[in-house]
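Here are the chains, one letter per residue:
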Amino acid sequence: MNLNKIAVLGAGTMGAGIAQWFCQAGCKVELQDAGLEQGQRAYQGILNSWDKLLSKGKFTSEEVSAFKENLSLVAPEESLKKDTDLLIEAIIENQQIKIDVFQKLCAHFNESTLLATNTSSIPLDAIARELPSSRQEQFFGLHFFNPAPIMKLVEVVCGHWSNKKTGQELLNFFQERGKKPALCQDGPGFIVNRLARNFYGEALRLANTEDKEKFQEIDTTLKEVGGFRMGPFELMDLIGIDINYSVSESVWKSFYYDDRFAPHPLQRKMVTSGRLGKKTKGGFYDYE
Amino acid sequence: MTTSNIMVLATNDHPLFEQLKAQDYLFFDLKTKDPFEERKTLKPDVIFDFTLLDHDKKEKLLKNLSMQFEAPLVSDLSCLWGEYFMEKFPNLIGAMAAAIWSPQAKVEVCSKNESDLPMVRDVLRSCNLELHCVKSAGHGFIYPRTISLLINEAYLAVEDELATETDLDTAMKYGVNYPLGLVEWSRKIGLKPVVSLLDDLFEKTKQNRYRASVSLRKLALLKS
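Chains as they are written, first to last, in our numbering: chain R, 1 to 288; chain V, 1 to 224.
This is chain V alone, in the form it adopts within the complex (with noise of 0.2 Å):
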């Protein structure tokens, strides 16, 4: 397969957007060029979808490109719900938390078949990131679930003025090793997909403990 047979479809909010841009691929920026318009014209073999989309945007997006062209998908579903999407689409082979940086430089992957995994390893290098393989991409992933949490009650720290942010940073540090504080760990994600994903999980747990907190909600619609 020639990286020009395979179309990406991106938002200008993803991490990755930039990097996937510059290669050489079928490129859609969502916003800005409609794939759908160009649908006779094109035969991709794969796609991939790197767009940060509420659920119900993302559905009806997956739900567009399966009617509309037949090749396999492969989407980011890094802050939503993708053990669901995996089921609702036969169509979409794998799951990928792309939008949630990594320390290691590693993005987990969830793949119907086993068969498919080169053909996603290969995109995310083009990114200079490797694969992490795990069963299933569950609610938010193990990884970006985990990291949201952590950051969403740092920043509730700061608003009950535990501490100063420096201070919180170093406390995990030196405290328990973590690679970097909670917020400096939140300023190398961005702040808007830690929220998403904490919006979903409250969406569809109705559980307390997902509940953004005001002050992360503030700074990521600032920063955005």
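Looking at chain R on its own, in the form it has when it is part of the complex (with noise of 0.2 Å):
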């Protein structure tokens, strides 16, 4: 498969990180935002960083300026190039945006051009039913985990429609350049987001209550017995509380309540009184 003009829809954190990659990995890369400072910061922020490796040492000055040139900024009220090979959205988590911009992309792109979004919550056939049937088998989920060029996996995900060899040709492109790709059906919180629930929800079922000694010895244990790089409770204050419990409700929800994926109340009592992790300077530890 040959992806070389790739379109990011969306320069937050994971859009930004997600076009550094493909830039690195020898991609031509039009960047947008439908605000014009926050693409002209990621734009920013992807440059420095490139500046920031190279006095490190972890590129040469000769690849950081081919990474320059493969990265453009483009203005809101311009049109992406029509005949990009891949275009990834990484907009707001809101269904019926994404439904309104996948619409509007469909009629702009050539036919042959690759649609993929980068949400982690929803459904990609809710998306995908909703678009012109000549597009629905070139739709796919390319979930990237944040930071997006340093973090090796990418969830290939496969709706109803997806065509299953583009998909798997999706995989071998990641595999090729460096990535750790993982193919996958759509399901709720697809692999990862998944898989990991319980690493988060039953730490909360063996602490219970709000004994930060229990949850050092949980983490010590989990860190010490268990080969896991970081613990639970420090996990859940490093990402947000609130956003571990937003992904925790929104799995278990799909799962129709199953007990499963149930939150927790701990997870509930921190959220409602503000204690969101390192971001607030407090959470399951304190950070003051």
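If you are wondering where the hints come from, they were derived from the structure by calculation, not from laboratory data. Treat the numbers as computed from the prediction; the structure is a model and nothing was measured. Heads up, the beta-carbon is just placed ideally off N, CA and C, and yes, glycines get one too. Be careful, since some hints might not be right.
Simulated crosslink set (SDA-like; lysine to any residue; CA at most 20 Å straight-line) [what the hints assert, rightly or not]:
no. : chain 1 : residue 1 : chain 2 : residue 2
1   : R       : K180      : V       : Y174
2   : V       : K173      : R       : F145
3   : V       : K135      : V       : P118
Interface residues of chain V toward chain R, partial, derived using beta-carbon atoms under 10 Å [said to hold, decoys possible]:
no. : residue
4   : V134
5   : F141
6   : P144
7   : S148
8   : L150
9   : L156
10  : E161
11  : A163
12  : T164
13  : G175
14  : N177
15  : R209
16  : R211
Put the complex together from the two separate chains, hints included.
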């Protein structure tokens, strides 16, 4: 599969990271955001990141120059190139907004352009079913992990209509460029956000109440005995307890309130009291 | 205390069975040799129980050991409600979770007295394992319970045809930096202890979150 021209829509943390990785993989990338300032901030952030990596000796100056050549920022009122090979959407997690955007994109891009969403929580088929039938088999999920230029995993998600052969080719594309992709079907949380739920859920049940010593014991044991890089409580504090809670709720609802995914009252208590983790300087642990 | 005064009971499905058998302990393979027949001649300083049994059988064994020997007991309660057994048997001085393979070669140990820990440490070291102290054996300790639930979900995902086992393992290793993929991990541990723990959790709590995947149970039965 030849993917040379990439468009990334949405220049938040994920969009910018995805754009950066594709530039580093040798693709020409157009980055666009609905907000001019956000786009400029992301564009500058990527350039700065490369300069930093150059000074650290991670890349040569020739490599960094080539990466910069590969990246272009497209203003909100301008159009993305019609002959783009792959468009990746990384905008707000709102099903209706994504449907509206993809319907416009279908009318804009050539028939050969592959369309992908970086959603982590919206069912792929809920978007695909609203697209013209000619586009449905070219529609995929490409779920990157933060920070996208560093994290190896890309979940390549095939929906009901996705062309399976193209899905496999996408997988090969990422594999050949150093990623560790995983192919999966459309399902709540895809792979990671489904399988990792119990890492948090069971830890919360083991602790059951707000007991820092217990959080510490669980975190330490899972690192020391289980070999996990971080414990569940420190990881929830890092991710944001609100974000983790919201993913838990979303997966739980999608599985028709199955006990396996039920959030824990302690999560709600933390969110209600505004103790969301490192970003609020307090969560399961204190960071003052 | 010499190793020959340490009585070790084990079932041959325990992952440490062969290693323990090869040591200089008073070793009893519970399925072939009855320790109670020799109780009058045996005066062990301590009894280490490495049997993998269900709740009722374990309770019966610990009860008999308590009645027939004066020595303190240390029991592997990886897959059971350790907290309950620790309260029920006064001479049960320690609980271990040695049946669930650890990528760090460490075993959770809960002891009523800190002074007993060196003895447990020595026995575990004879199997190239280190101990990691926890305050309570809980129900399936911390690591065994967490990893069993994670593994169960991986098998449920395979049943749902969400992805292949290889893709599931790739995702967890490279998306959340797990040291092993969950299917790979289940093969290192062995499926039987995982199913045993899930069954015991389900039986005691009646919560569906602990219901073992059918494919996990089937594979565990096929391999036993």
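Against the structure, test the hints numbered earlier, and report the numbers of the ones violated in rising order.
none
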